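Number of protein chains: 2
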Amino acid sequence: MDVNQDVETVRKAVRQGEWCRPTTGLAPGYTQANLVILPKRYAYDFLLFCVRNPKPCPLLEVTDTGSPVPRQTAPEADLRTDLPKYRIYRKGVLEDEVTDISGYWSDDFVSFLLGCSFTFEKALLQSGIPIRHIDEGCNVSMYRTHIPCHPAGVFKGPMVVSMRPMKSRDVIRAVQITSRFPSVHGAPVHIGHPEEIGIRDLTQPDFGDPVTVYEGEVPVFWACGVTPQAVAMASKPDLMITHAPGHMFMTDIREEEHAVL
Amino acid sequence: MDVNQDVETVRKAVRQGEWCRPTTGLAPGYTQANLVILPKRYAYDFLLFCVRNPKPCPLLEVTDTGSPVPRQTAPEADLRTDLPKYRIYRKGVLEDEVTDISGYWSDDFVSFLLGCSFTFEKALLQSGIPIRHIDEGCNVSMYRTHIPCHPAGVFKGPMVVSMRPMKSRDVIRAVQITSRFPSVHGAPVHIGHPEEIGIRDLTQPDFGDPVTVYEGEVPVFWACGVTPQAVAMASKPDLMITHAPGHMFMTDIREEEHAVL
Numbered sequence: 001m002d003v004n005q006d007v008e009t010v011r012k013a014v015r016q017g018e019w020c021r022p023t024t025g026l027a028p029g030y031t032q033a034n035l036v037i038l039p040k041r042y043a044y045d046f047l048l049f050c051v052r053n054p055k056p057c058p059l060l061e062v063t064d065t066g067s068p069v070p071r072q073t074a075p076e077a078d079l080r081t082d083l084p085k086y087r088i089y090r091k092g093v094l095e096d097e098v099t100d101i102s103g104y105w106s107d108d109f110v111s112f113l114l115g116c117s118f119t120f121e122k123a124l125l126q127s128g129i130p131i132r133h134i135d136e137g138c139n140v141s142m143y144r145t146h147i148p149c150h151p152a153g154v155f156k157g158p159m160v161v162s163m164r165p166m167k168s169r170d171v172i173r174a175v176q177i178t179s180r181f182p183s184v185h186g187a188p189v190h191i192g193h194p195e196e197i198g199i200r201d202l203t204q205p206d207f208g209d210p211v212t213v214y215e216g217e218v219p220v221f222w223a224c225g226v227t228p229q230a231v232a233m234a235s236k237p238d239l240m241i242t243h244a245p246g247h248m249f250m251t252d253i254r255e256e257e258h259a260v261l
Numbered sequence: 001m002d003v004n005q006d007v008e009t010v011r012k013a014v015r016q017g018e019w020c021r022p023t024t025g026l027a028p029g030y031t032q033a034n035l036v037i038l039p040k041r042y043a044y045d046f047l048l049f050c051v052r053n054p055k056p057c058p059l060l061e062v063t064d065t066g067s068p069v070p071r072q073t074a075p076e077a078d079l080r081t082d083l084p085k086y087r088i089y090r091k092g093v094l095e096d097e098v099t100d101i102s103g104y105w106s107d108d109f110v111s112f113l114l115g116c117s118f119t120f121e122k123a124l125l126q127s128g129i130p131i132r133h134i135d136e137g138c139n140v141s142m143y144r145t146h147i148p149c150h151p152a153g154v155f156k157g158p159m160v161v162s163m164r165p166m167k168s169r170d171v172i173r174a175v176q177i178t179s180r181f182p183s184v185h186g187a188p189v190h191i192g193h194p195e196e197i198g199i200r201d202l203t204q205p206d207f208g209d210p211v212t213v214y215e216g217e218v219p220v221f222w223a224c225g226v227t228p229q230a231v232a233m234a235s236k237p238d239l240m241i242t243h244a245p246g247h248m249f250m251t252d253i254r255e256e257e258h259a260v261l
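Which chain is which? The protein sequence lines are C and H, in order.
Residue numbering for the first sequence follows UniProt numbering, starting at 1 and increasing by one per position.
Residue numbering for the second sequence follows UniProt numbering, starting at 1 and increasing by one per position.
Source of the hints: derived by calculation from the structure; they are not laboratory data.
Owing to the predicted nature of the structure, the values given are computational and were not obtained by experimental measurement.
You may find that some hints are simply not true.
Note that the list lumps identical chains together, so a pair holds whenever it fits in one copy or between two copies.
Under the rule of at most 25 angstroms between Cα atoms (straight-line distance), these lysine-lysine pairs were calculated in the DSS-like manner [as the list claims (entries may be wrong)]:
(1) LYS236 with LYS40
(2) LYS236 with LYS55
(3) LYS156 with LYS40
(4) LYS156 with LYS236
(5) LYS156 with LYS91
(6) LYS236 with LYS91
(7) LYS122 with LYS91
The shape of chain C in the complex, shown without the other chains (with noise of 0.2 angstroms):
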């Protein structure tokens, strides 16, 4: 498949089988999300979570009770069938990766759709600001902070955040940059001081893999879209469904449409 297909076509060859790999760079210019599903009985807290906690969990839609369509960022989308991977927890354990949930569906999943950093690393590439973690060719780095979320209800835990080392002179325009995207992280939690937010060592990273700092660079952190699924899986809900990491939910929405200003 040719990766620069409009975003129907490329989620049609999801539907259909024909694409079971990560969706990074897929269908340029259009936003991807990241997927939780919960029970109805854990979605108010979840949701409350989330609205308490904007920077980390940055909601783009949240579906009426039961249905798998996400009718505000892909009406003709089928959250069931759409992403290439999903993975499957029960009370917190990891029991399966599947590319179709079709059989796991319930009539009281409430499906939440948020926002990834995908979009705003694309808008600082466009400004000529390089991505290590895109040319070493692996996962951006992510780190446990003890920076507290506000907690809800069984919902509790610390912000993590993804790290992208820089030149200082990058940094500023770097902040500008995401400022501009609230609704897909916003901007940086933090500059420069990885032990003033509880990191301490950076070459080993929660999650994700360490990339290179090279001499003069400063680390910039941002809020990371990984703190509400560690949060949920933390709680050990009976039944947990994500999109697997990488492999992301191609909505309609193009990124520009995010930015604030």
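With chain C held as given, fit chain H onto it using these hints.
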């Protein structure tokens, strides 16, 4: 009371019954908020309605069920006593106006604090853009539009907008200024042609007062915080408590903290 007191002093005066008038101009620099209190059984749908319609319903905080303390925006405050006037609605009908709701309080109440246009009006004034209803000493003009909100459970209805007329040279600056504040309604939803959003006659607002629109002036429309109240009322919940118009809750959050840029 000197209106230029700090926010804690003002809230204490309100709590002790020494101030029962509108809050306009009190504790300058601090964010004032709309209040909607609903029993828990309505809270999920109402929260979802706000999340799906962030321009008319910008959530500043949602309290824990049963708690009158807004921990994120004013941890020392008490929502039962710290607003100068409240309205009690039963099944959508105004039953009473009171200065203290301690007698109505229930352990299943959820309180929603929503951003208020006072914040962006001040930013407009500080940029030298006059606000007509302030100059004319009346309430802002508000209109029901034919722009549908995204429904959520029992809550549905059209967007209500507020209108401020201005010289065409001020419109661009007004868009820039209010775009900085997405959590207090953000950029306008329409400029210039009321009939395009379902408004027939500017001199007959559905809420508030009519204001003078001078020859050559452009009407600019913003999503309005009356929307969530109108929508909640239309669904006739058994009980709903709100602030009385203009009698807002004063938070500890500086207005400038809401600027994304």
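Cross-check of the supplied hints:
no.	hint	in the structure
1	LYS236 with LYS40	both (15 angstroms within a copy, 24 angstroms between copies)
2	LYS236 with LYS55	within (23 angstroms within a copy, 34 angstroms between copies)
3	LYS156 with LYS40	both (18 angstroms within a copy, 20 angstroms between copies)
4	LYS156 with LYS236	within (12 angstroms within a copy, 34 angstroms between copies)
5	LYS156 with LYS91	within (16 angstroms within a copy, 35 angstroms between copies)
6	LYS236 with LYS91	within (4 angstroms within a copy, 39 angstroms between copies)
7	LYS122 with LYS91	neither (35 angstroms within a copy, 49 angstroms between copies)
This entry does not satisfy hint 7, going by the numbered hints stated previously; all others are met.
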